[in-house]
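Student: According to numbering that gives the first Met the number 0, the sequence shown is numbered sequentially starting from 0.
No false leads were mixed into what you were given.
Distance ranges between label pairs, derived from CB positions: (1) T18 - P145: 32 to 42 Å; (2) T18 - S153: 31 to 41 Å; (3) E58 - Y139: 37 to 47 Å.
With a Cα cut of at most 25 Å, we get these calculated PhoX-like pairs of lysine-lysine: (4) K11 - K76; (5) K49 - K76; (6) K11 - K49.
None of these hints come from the bench; they were simulated from the model.
All residues carry an ideal CB built from backbone N, CA and C; glycine is no exception.
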Amino acid sequence: MAKFEGMIWNIKSFEELTTAELYAILHLRSEVFVVEQNCAYQDLDYSDQKGLHLMGTDEEGRLLAYTRIFPPGIKFKEASIGRVITSPLARGKGAGRELMERSIAALQEHYGVIPIRIGAQQYLQRFYTSLGFEQTSDTYMEDGIPHIEMLRRSGEIAFGD
Numbered sequence: 000m001a002k003f004e005g006m007i008w009n010i011k012s013f014e015e016l017t018t019a020e021l022y023a024i025l026h027l028r029s030e031v032f033v034v035e036q037n038c039a040y041q042d043l044d045y046s047d048q049k050g051l052h053l054m055g056t057d058e059e060g061r062l063l064a065y066t067r068i069f070p071p072g073i074k075f076k077e078a079s080i081g082r083v084i085t086s087p088l089a090r091g092k093g094a095g096r097e098l099m100e101r102s103i104a105a106l107q108e109h110y111g112v113i114p115i116r117i118g119a120q121q122y123l124q125r126f127y128t129s130l131g132f133e134q135t136s137d138t139y140m141e142d143g144i145p146h147i148e149m150l151r152r153s154g155e156i157a158f159g160d
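Full structure from sequences and hints, please.
Tutor: As structure tokens, then:
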């Protein structure tokens with residue numbers, strides 16, 4: 000598995016999140032998905048309560064990487080990973096790859112080895128392909144941004160060290 004030096008990883012259910020953790024998650028999602036990507040959309044979709052939240056923080060407690068993961072039947076028929084985000088402070092250092100590797104491993108740990116479906120921003124297709132995902136849809140627009148559905152079929156994945 001890729002390693003981002005100094006990152007502290009935690010996974011929690013919605014009920015286990017502290018107020019400060021929830022605030023940091025919503026702040027980072029707003030910072031990147033709304034402000035940076037210039038995309039006004041309703042981020043709070045009542046799905047957060049149904050998933051697990053994987054958070055990567057630095058030694059000072061700043062949230063640098065985040066995903067929410069769902070069992071089958073919440074977002075798609077398959078298990079899914081969403082709201083994949085790395086802080087501008089962590090980009091270009093392998094944090095995104097480690098975040099996804101840990102998200103896949105967490106899904107396997109909590110729900111077994113099952114297919115994983117994602118709705119990915121199209122420009123990240125090669126990144127997700129490198130993690131074992133295959134494109135399964137034509138391009139579609141979501142909130143003004145080109146997206147594709149991708150599927151990672153059942154099976155363990157061996158991540159490089």
